[in-house]
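Engineer: Below, each chain spelled out in residue letters.
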Amino acid sequence: MGIQINDIGKIFETDDLRVEALSGISATVQDNEFISIIGPSGCGKSTLLRLISGLIEPSSGTVLIDDVPVNGPTGDVGFVFQAPTLLKWRTVFNNVMFPYEVLASQRNANASKADFEARAHQLLEMAGLEEFTNAYPKQLSGGMQQRVSICRALIHDPHLLLMDEPFGALDEFTRERMNEELLRIWRETTKTVVFVTHHIPEAVFLSDRIFVMSRRPGTILGEVTIDLPRPRLSEMRESVEFLDSVVETRHLIGLGSGAELLSEDPI
Amino acid sequence: MVLRNDSAVKTPPSWPMALLRRAWDTKELLFTLVAILIVWTLLVRTGNFHPIVLPSPQSVLGSLIGNAPDLAEATLVSFFEMLLGFALGGSAGFVLAVGIFYSPFLLRAVYPFLFGFRVVPKVAFLPLFLVWFGIGLTVKVVMAGTAVFFLILVQTLLGLSTVDPSLVELGKSLKMNERLMLRWIRLPAALPAIMVGAKLGITYALTNVVVAEMFTSTKGLGSLVVRARQHARTDLIIAVIIVTAAAGLIVYLTGRAVEKRATFWYIEEPT
Amino acid sequence: MASATEQIAPQAVGRVERLRKVIDPIILAVLILLGWELMIWIFKFHPVVLPPPSRVWTILSTQGDFLVEHMLVSLKTIVKGFTYGTFLGWLAGIFITYSRTVRKAIQPILVVLFVVPKSIFLPLLILWWGVGSDFPNHKIVITMLLAFFPVTENTIAGLSGVDREMVELTHSLGGSSFLTIRKIALPFSLPFVLAGLRIAMTEAFIGTLFVEILVPNKGIGSRIVDAQDVSNTQFIIAAIMVIAVFGLTAYFLLQWIERRLTKWY
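Residue numbers (our numbering), protein chains in the order written: chain A, 1 to 267; chain B, 1 to 271; chain C, 1 to 265.
Calculated from the structure, these hints are not laboratory results.
None of these values were measured; they are calculated from a predicted model.
Think of the CB as a built atom: it goes at the ideal place given N, C-alpha and C, for glycine as much as any other residue.
Just to be clear, a hint being listed does not mean it is correct.
What the hints assert, rightly or not - Stretches of chain A that chain C covers, calculated by requiring three or more beta carbons in the stretch to come under 8 Å of a beta carbon on chain C:
1. 41–55
2. 73–83
3. 97–105
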């Protein structure tokens, strides 16, 4: 699923506020690429994700998916948020099946219920959660809940996976493990992934390319291409190429020595 | 070169525009009120209602104006009883709560009874209070005070019990004795909960005062409405209802305003 | 959802403290009863003014049936008013949350209805419907009115508290708002609504009782007024205890239901 973003702008307006969230963003994402977006808080990363998914419309410019302009939610997108956002009153299995119910309610499901159920079991197994199929979210740890959330995002086999800081709430060890899990799942299912994060090493480890965004109004300051081979292995985090990419990204953002200062306040 | 536009706030409109916008915002409410008035007038004109059953809006308005002195006096009496009851009941509840908080025995002993206080309608005590206190001012004040007492008691205990432990640790690290701790840390931290109790309490106080007045029929809004019924003056009944509603609204809004001023610094913890 | 009262619960760590949690209230009750008797003995209260506990106990044992019988009569009204009022309150909560028009038209009126002492409507209601009729019945109307508000408020709080991201997820899959309400908002709001029901039950008790006291006819409130006419204070105290027992049972019953239904939340 190739994404083409052409000179996107987005303005939010209420009675007393007018906020220009995004301004003049252009980018291309190839089919099956893993892209990360990094930027300061409030730079509009989440807005960009929602524009790509069709949840909101751009004020100017267009978003094309596979050369077709995005006109609203396509149903072919998987979303993972920072909080697992599971339905607490449903079992893990029924949480993963939730997208099926939504799609089926508009007769948009491209497979039968049995197919979906089989895929649900498969995904849970792949994520290492078969034992918890009938457990409730309350009984799972944060990392496990997030894994359920990822399964839920994959069950309808979307071509596009959008992830908004999904591992932000986890500690460093769990985060690294989840990074590897994610890449494994990605390898086995092949999708285009747009991944928003604050964490530079994570972005470098996961992606083919990293887009660096500016402060509000958000625009793309630059791009970092990651030259590490796939499959990415944990040891690569200590390689010279890895650290070079981290430094390159840091400089683009405005951290560290000899960097172009992004703005006066670093927060 | 990236353009930086940090000013997101629009210039506020001039005051006539702001006023117009406010009026336009309440259009649904105004529409509903006007609709009610129209239906009421139509019912009175076309229906066969005896004026005792459904008086016309004009007669109600006439009552409001004509009986203004009585209405004003009744309102003041009720307010006075309510405030007195609130002050007495509230302070008693507050003091007792602090005492209970500092006695582990009392806290354990009283805790189960708190549920009972909550559940028993204070109005059930009215006949008992009437036997004890007669039908004068005292019984109204006691009725108001009782409702407020239990509410403030529970809310103060709640506030004191849910003080952020890190704040207490802060106090201890500064070698505060318990008296200072109470004054500078525990009570301010408990204030939001207490204010909630005060806001609700004063509304309940008014309610209980009115109920007591309705039973004893001497002075105040409750007595006035009962007398109006005895004289079959339905227009006056509705007038009293309107005045009482206004009184209740004033009381509630004042309580809310006081709560906001007193706790403007409060940050609601996400649950 | 823990009620305010529950959050005050004394912490009990260890067996001794847990035991004291049970014993201390009993100690307090005994002390109060003794103090009660003592005050009567010292101040020589006329048994009408402050009847000794023994007399109250006598009433409870000899007229227990009578008390319970009339309590049950009141309970019928309480439950009816509670059911209608809470159902309407729930519907109102849903409409106010999801319809801007309804919210702006009705909510200010509801606020005024909330703050007005509802007893003030009683003479008007009696004028319209009399005292004997079954429905509409001034008792049920007042009870409904009191039970209505906690449920409306809690329903609104529950429905409004839904994770925005969950709604976005549903929309991104093309789900309609109706689906979102049905599958996400309503289940999410369940704990809130149930907590509101608990409060509404207490209010329903209050409503029915004060109508029975102000306009004596049937029910335990009216029997209390009968007792007051002859200054039968021990009966009044006994009756209050019976009401307390029934009220507490209803409250804890609702709380148990609430716990069972929201186990996984």
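Engineer: Indicate, hint by hint, whether the structure satisfies it.
Structural biologist: Evaluation of the provided hints:
Requiring three or more residues with a Cβ within less than 8 Å of a Cβ of chain C, the coverage given for the stretch 41–55 of chain A holds, as 4 such residues are present. A stretch counts as covered by a chain when three or more of its residues have a beta carbon under 8 Å from one of that chain; for the stretch 73–83 of chain A and chain C the count is 7, and the coverage holds. Using a Cβ-Cβ cut-off of 8 Å, 6 residues of the stretch 97–105 of chain A lie near chain C, which meets the minimum of three, so the contact claim holds.
In summary, the structure agrees with every hint in the numbered list given earlier.
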